[in-house]
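Chains as they are written, first to last, in the numbering used here: chain A, 1 to 405; chain B, 1 to 405.
Incorrect hints may have been included.
If chains are identical, the list can't say which one is meant, so a pair holds when it fits in one copy or spans any two.
Stated by the list, open to error - Once the Cα atoms are required to be at most 20 Å apart in a straight line, the calculated SDA-like pairs of lysine to any residue come out as:
no.	residue 1	residue 2
1	Lys-114	Ile-354
2	Lys-327	Glu-25
3	Lys-324	Gly-32
4	Lys-297	Val-360
5	Lys-249	Glu-25
6	Lys-162	Arg-264
7	Lys-86	Ala-340
8	Lys-394	Glu-368
9	Lys-21	Gly-251
10	Lys-57	Ser-14
11	Lys-57	Asn-359
12	Lys-265	Gly-237
13	Lys-85	Leu-112
14	Lys-185	Asp-42
15	Lys-396	Arg-366
16	Lys-21	His-281
17	Lys-313	Ala-252
18	Lys-265	Arg-165
19	Lys-114	Lys-313
20	Lys-377	Asn-3
21	Lys-313	Ser-137
22	Lys-377	Gly-251
23	Lys-324	Glu-25
24	Lys-235	Asp-45
Source of the hints: derived by calculation from the structure; they are not laboratory data.
2 protein chains.
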Amino acid sequence: MVNIGIIGYGVVGSGVYEVIKTNTESIASKAGQEVRVLKILDIRDFPEHEEPELFTKEFDDLLDDRISIVVETMGGAGIAYEFTKKLLAAGKSVVTSNKELVATYGAQLMVLAKENGVRYLFEASVGGGIPIVHPLSQCLAANAISAIHGILNGTTNYILTKMFREGVAYADALSEAQRFGYAEKDPTADVDGHDTCRKIAILTSLVYGSQIKCDKIPTEGIRNITGDDVAFADKLGCSIKLIGYSRVKNGAVTARVCPMMIPRKNPLSTVEDVFNGILVHGNAIGDVMFYGRGAGKLPTASAVVADVIEIIKAPVNSSTYFWKEEKENTYADLGDEETAYCVRVHESALSSAIAAFGNVEITSLRQEIGFVTPVMKETDFNARLSGVKSVISKIKMYTEQGEQV
Amino acid sequence: MVNIGIIGYGVVGSGVYEVIKTNTESIASKAGQEVRVLKILDIRDFPEHEEPELFTKEFDDLLDDRISIVVETMGGAGIAYEFTKKLLAAGKSVVTSNKELVATYGAQLMVLAKENGVRYLFEASVGGGIPIVHPLSQCLAANAISAIHGILNGTTNYILTKMFREGVAYADALSEAQRFGYAEKDPTADVDGHDTCRKIAILTSLVYGSQIKCDKIPTEGIRNITGDDVAFADKLGCSIKLIGYSRVKNGAVTARVCPMMIPRKNPLSTVEDVFNGILVHGNAIGDVMFYGRGAGKLPTASAVVADVIEIIKAPVNSSTYFWKEEKENTYADLGDEETAYCVRVHESALSSAIAAFGNVEITSLRQEIGFVTPVMKETDFNARLSGVKSVISKIKMYTEQGEQV
Chain A
1 MVNIGIIGYG VVGSGVYEVI KTNTESIASK AGQEVRVLKI LDIRDFPEHE
51 EPELFTKEFD DLLDDRISIV VETMGGAGIA YEFTKKLLAA GKSVVTSNKE
101 LVATYGAQLM VLAKENGVRY LFEASVGGGI PIVHPLSQCL AANAISAIHG
151 ILNGTTNYIL TKMFREGVAY ADALSEAQRF GYAEKDPTAD VDGHDTCRKI
201 AILTSLVYGS QIKCDKIPTE GIRNITGDDV AFADKLGCSI KLIGYSRVKN
251 GAVTARVCPM MIPRKNPLST VEDVFNGILV HGNAIGDVMF YGRGAGKLPT
301 ASAVVADVIE IIKAPVNSST YFWKEEKENT YADLGDEETA YCVRVHESAL
351 SSAIAAFGNV EITSLRQEIG FVTPVMKETD FNARLSGVKS VISKIKMYTE
401 QGEQV
Chain B
1 MVNIGIIGYG VVGSGVYEVI KTNTESIASK AGQEVRVLKI LDIRDFPEHE
51 EPELFTKEFD DLLDDRISIV VETMGGAGIA YEFTKKLLAA GKSVVTSNKE
101 LVATYGAQLM VLAKENGVRY LFEASVGGGI PIVHPLSQCL AANAISAIHG
151 ILNGTTNYIL TKMFREGVAY ADALSEAQRF GYAEKDPTAD VDGHDTCRKI
201 AILTSLVYGS QIKCDKIPTE GIRNITGDDV AFADKLGCSI KLIGYSRVKN
251 GAVTARVCPM MIPRKNPLST VEDVFNGILV HGNAIGDVMF YGRGAGKLPT
301 ASAVVADVIE IIKAPVNSST YFWKEEKENT YADLGDEETA YCVRVHESAL
351 SSAIAAFGNV EITSLRQEIG FVTPVMKETD FNARLSGVKS VISKIKMYTE
401 QGEQV
């Protein structure tokens, strides 16, 4: 019998309780022993709960000797950070779904876990229930990973899918997402790309081996995407997706969050609604994609519980999932990024566009024209674009990743 | 420094050598120490090889005390079986890409590995480089897995994609696959579904916990799929894919390999060309899909090397990947399977079809009509179908899997 504690009995925390109750038997067979929730810390009361005696408002109750693993599902990088440090220092392994905390203090907490002979796991912090942290660090370990492109936020993907399929405006798609509970009342973290930013920061830290900071990742959301952008994308055989991506080249990282045009033959273009998809490029395996529900109570909880089982089977940190503090000279010069854009301009600007970008193929829609630039450095693109009149929008194109070794 | 041996220096075996050479540094950082190939067993000579001194024709050379892990990439369930038993008995962990061996003797070899305190891993045996064995047994451990549907064979998927996209006949698509080296001269193992059968047997054994035998899995290939089937599928908003699937319900397994109509909104329908996709349904996570190159030298080799790294980090079998010998009462009655079919009949048979299946929606194509039956038991379907005249073909429909808990 392994006793665990839960901090934060919200959507994910209560999901963890539910998964453990529902799948008790199969979890016991995988873990080699039964898993039981012994204490739940939350400031709220849950008088209707079937086991009210589990709840406590005292953090120190989680330091109970019988508890070896604590699940942190409270979120944020404030109190959760303090609690996690205390738990690791007290010799408890911690499993979290808290992307903000991992993206901010991951390196430090991993060191603390290692020093105390316990583990700090966070599969649920990216992609909800989709296995991605484990596969990246373990199953793809024989590859040099050169690129990750992820649809990492279900809310924005729902909005973009709705705009694409039904031709509705951004504001209407957002309202509907809010009505269905897919978007929060204040949707900033989702629609401005901050949630995606945290997740790509975590995945990139994992691949790169040192902490990638969110404030080093240029982040643009989907607020400015219009119906015309979507219509152009469709004409070009693409969908528009909010992509968190990172590429590692010559030891330097380029990471960014922005809307991107994804050609229809790319598997990411078929990831719709609230689903997430993460496309990883390794030098041996080529492209591999992980697809599933990137959020939600039970999917996310199932990833938390899988980490709990992993710790029961291997309680000692074998240095998997390990990255160090941010190092110098991590980031590539953003201006050096090789990139291509889809640019929309007023039709009167055609000659200035051709003067700037050469003989690009033109797609017309009403009084507008759109074209895809050749691949060039970002600085080069910006210099040329400054010569183009009446620019309506520019959206990055997904470009093919390098060939296999 | 960890020394490994390789048995069988064909496509995958030489890929393992190449991946270890190319990614030496990143592998060392993941494994915690350098990995070196010390001996390669093959009956052939490789005089042009850069390290000819590694080759041997003597199996006993692999029992060298310095070798702790042996990679078996020779294939087949004959000599490879004998070699694997000897290696495990001698205290060497074995990593394999040999699906035939794992599907036939997996349970027995796992017991042998456990008894000798070593490991027997086989991530590369299914889905080439796509992480699936690990995620199924580890990352999804908190789920009760109720269904797996996989496009597990790249050759047949290439042929079907070609037929679908370009309207070419089966025989022509097969010839082209052979010309590109995607299909062998004798394509039986691929096109008749045997390769898919072995892979779904392995995945199902893993989920079910006891050996699922290939001869218990009804297996139908793609030889009989015609251009008209494909045209009908397209009209119905589906693609035709060769699917290996298994479902677990009330403790009993239904497993089958057959061509299947996949609705376009299902992520499996977007898996094209030589790519593989494996859709897993868990009671907490819902649908999750793994996508990538299911074959090929370097992708498959990268999965083998990932298993080698895994063993270096955790040399003792922690009972992951473990299934037992086949048990009694494993298989559900095939006639009880809840299923739906797409049936094509000559237009003259319309009234008999309606008499048998009720008011189904009819799709016409030249002198033929096609319709999708309601979901019903297989025996019920067969009984009703016997009353329909001029049946041209019947293809199973993908049916939605159960809701989440």
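>> For each hint given before, does the structure comply? Return the numbers of the non-compliant ones in rising order.
In response: Going through the list in order, the structure violates hints 1, 4, 7, 11, 14, 15, 17, 20 and 24 and respects the others.
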